[in-house]
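Chemist: Read off the chains here:
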Amino acid sequence: MPNIQNVLTEMLSYPFLVRALTVGLLVSLCAALLGVSLVLKRYSMIGDGLSHVGFGTLAVATALNAAPLAVSIPVVVLAAFLLLRISENSRIKGDAAIALISTSALAVGVLVISLTTGMNTDVCNYMFGSILAMSKGDVRLSVALSVVVLLLFILFYNKIFAVTFDENYARATGTKSGLYNMLIAFLTAITIVLGMRMMGAMLISSLVIFPALTAMRVCKRFKSVTLCAAVVSVLCFFAGVVISYLCATPTGASVVIVNIAAFLLFWLAGALRTVRPA
Amino acid sequence: MALFTCRDLSFAYEGNTVVAGLNFSVQRGDYLCVVGENGSGKSTLIKGLLGLKQPQGGEITRGENLKSHEIGYLPQQTAAQKDFPASAYEVVLSGRLGMRGLRPFYSGADKAAAAEIMERLDISLLAGCCYRDLSGGQQQRVLLARALCAAAVGSGSGHGLRALLLDEPVTGLDPIVTYDLYQQLSRVNEEAGLGIVMISHDVRSAVLYASHILHLDGGQAFFGSAADYAASETGARFLGR
Ligand SMILES: Nc1ncnc2c1ncn2[C@@H]1O[C@H](COP(=O)(O)OP(=O)(O)O)[C@@H](O)[C@H]1O
Ligand SMILES: [Mg+2]
Chain A
1 MPNIQNVLTE MLSYPFLVRA LTVGLLVSLC AALLGVSLVL KRYSMIGDGL SHVGFGTLAV
61 ATALNAAPLA VSIPVVVLAA FLLLRISENS RIKGDAAIAL ISTSALAVGV LVISLTTGMN
121 TDVCNYMFGS ILAMSKGDVR LSVALSVVVL LLFILFYNKI FAVTFDENYA RATGTKSGLY
181 NMLIAFLTAI TIVLGMRMMG AMLISSLVIF PALTAMRVCK RFKSVTLCAA VVSVLCFFAG
241 VVISYLCATP TGASVVIVNI AAFLLFWLAG ALRTVRPA
Chain B
1001 MALFTCRDLS FAYEGNTVVA GLNFSVQRGD YLCVVGENGS GKSTLIKGLL GLKQPQGGEI
1061 TRGENLKSHE IGYLPQQTAA QKDFPASAYE VVLSGRLGMR GLRPFYSGAD KAAAAEIMER
1121 LDISLLAGCC YRDLSGGQQQ RVLLARALCA AAVGSGSGHG LRALLLDEPV TGLDPIVTYD
1181 LYQQLSRVNE EAGLGIVMIS HDVRSAVLYA SHILHLDGGQ AFFGSAADYA ASETGARFLG
1241 R
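Protein chains in written order, with the working numbering: chain A, 1 to 278; chain B, 1001 to 1241.
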């Protein structure tokens, strides 16, 4: 059994791991906060759709030799607004439309890859994430953007609650709910792009969905769900990275596994509490 | 100038008109009860007044410079889902949001107003409870507190509630709470001059408490004072006399 303190010192001596941890912890925090609102608004699929669009744009950006984040962020933000419009419009079946867009983006990505670089390790990294993905420039941009996401979330927390709990009421009493829905979609898009390369396009949406669902097993207030989701998300990410370092497992998948474990734990705790109320 | 004035107003869903020919106004200090059979378009009318539903024809004008954040609303059914984690207090406090404008956080006055209205509606003990775990009547009172929260004193910068739209507020309440609610509404109506529009199936109480009655039956079967309504043929039939 390796000494946890030694392991941590050893991990922190690798600059790439420090970069990955910095960005990863910030992104998991943002994802968890937004996730509460997304899950409650039944928008979980948007997160998944966006990550596929992100995969497509990463592939295209690589083919064009462009900076991956600079290309992905605007495209995914646009996709987020589009997906939001689709799910708000009850005439179109929202979930089907999102599935259409996400598979289309995936197909474009795969096509572009096969025409250019071919299926290599880079592509595998897009899909399932790589801890090595972050350059110094990426880290600076990611940290700056995550801080912006966090600040906007805190500043608009009360509005986000109102729009999430009862959108009609918020709209009827003078809160611009359309604007705040767009804010949520915008922040989600940025968070997903930032986290995608480390977690992988296939796995990033778990960072949005799991912590919220986990926190909702035991917490009964919006504020406590939000805080609990944030703490769970950050801890799970950290534990996931440590496990992936010790066992040489892929980072994204390890983080998801830890999140599953946390969810089961909280679910059990919630179930026990309803059976035998305190 | 009236708070709301409706001229030749009609509403439709997917081309099917549900109610048409509405001509009425709600003045400052009016207490209007909207009555009619299920499906006669009462909820639709309220949504129209709130700007949540576009009219098919005619127009709704808001007078006296009435702003959206000066309106309180009690929906018939909340859009909020069954499994939403929110405490009753959080829900009530969110009633103050509209009047905060761009200021991001609630002030001490907001929190005091939320606590005060919960006290008045006798739901202080529920403050920390999860909204989804409450009974139907308790949920109704929490939502009512949310709507009334903006009417409490100390609302800041002179902006308080000026109109209150309630969609079947007494449905699902026990008689004591119902009586209490009518007293509360009369009080805010008289003391604060709040314009009230309330949908109710409780026609007897409507005639007793309201100043005006609007009766819908696909069109406008009656609009006038409550006393005239009780004396009218429509009213007599609906009151079961
Ligand atoms: N969202 C909707 N889509 C289509 N039809 C609707 C919708 N909402 C209400 N209706 C129809 O409009 C009519 C009036 O509904 P409503 O205003 O809720 O009646 P009330 O509140 O008087 O019971 C009903 O026949 C109802 O079926
Ligand atoms: Mg109704």
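Read the hints as simulated data drawn from the structure, not as lab findings. Each hint should be verified, as a subset may be incorrect.
Pairs of lysine-lysine, DSBU-like flavour, derived with a Cα cap of 35 Å [as the list claims (entries may be wrong)]:
no., chain 1, residue 1, chain 2, residue 2
1, A, LYS136, B, LYS1111
2, A, LYS136, B, LYS1053
3, B, LYS1053, B, LYS1067
4, A, LYS41, B, LYS1053
5, A, LYS176, B, LYS1053
6, B, LYS1111, A, LYS220
7, A, LYS41, A, LYS220
8, A, LYS223, A, LYS41
9, A, LYS223, A, LYS176
10, A, LYS223, B, LYS1053
11, B, LYS1067, A, LYS220
12, B, LYS1053, A, LYS220
Beyond 10 Å from chain A on every Cβ pair, some chain B residues (computed) [stated by the list, open to error]:
no., residue
13, THR1017
14, PHE1024
15, ASN1038
16, HIS1069
17, PRO1075
18, VAL1188
19, ASP1202
For glycine and all other residues, C-beta sits at the position ideal for the given N, C-alpha and C.
Chemist: Evaluate each hint against the coordinates.
Modeler: So, going through the hints one by one against the coordinates:
no. : hint                   : in the structure
1   : A:LYS136 to B:LYS1111  : 45 Å, violated
2   : A:LYS136 to B:LYS1053  : 51 Å, violated
3   : B:LYS1053 to B:LYS1067 : 17 Å, holds
4   : A:LYS41 to B:LYS1053   : 21 Å, holds
5   : A:LYS176 to B:LYS1053  : 15 Å, holds
6   : B:LYS1111 to A:LYS220  : 20 Å, holds
7   : A:LYS41 to A:LYS220    : 17 Å, holds
8   : A:LYS223 to A:LYS41    : 16 Å, holds
9   : A:LYS223 to A:LYS176   : 22 Å, holds
10  : A:LYS223 to B:LYS1053  : 32 Å, holds
11  : B:LYS1067 to A:LYS220  : 33 Å, holds
12  : B:LYS1053 to A:LYS220  : 33 Å, holds
13  : THR1017                : 20 Å, holds
14  : PHE1024                : 20 Å, holds
15  : ASN1038                : 20 Å, holds
16  : HIS1069                : 4 Å, violated
17  : PRO1075                : 6 Å, violated
18  : VAL1188                : 16 Å, holds
19  : ASP1202                : 23 Å, holds
The structure fails hints 1, 2, 16, 17 (numbered hints given earlier, in ascending order).
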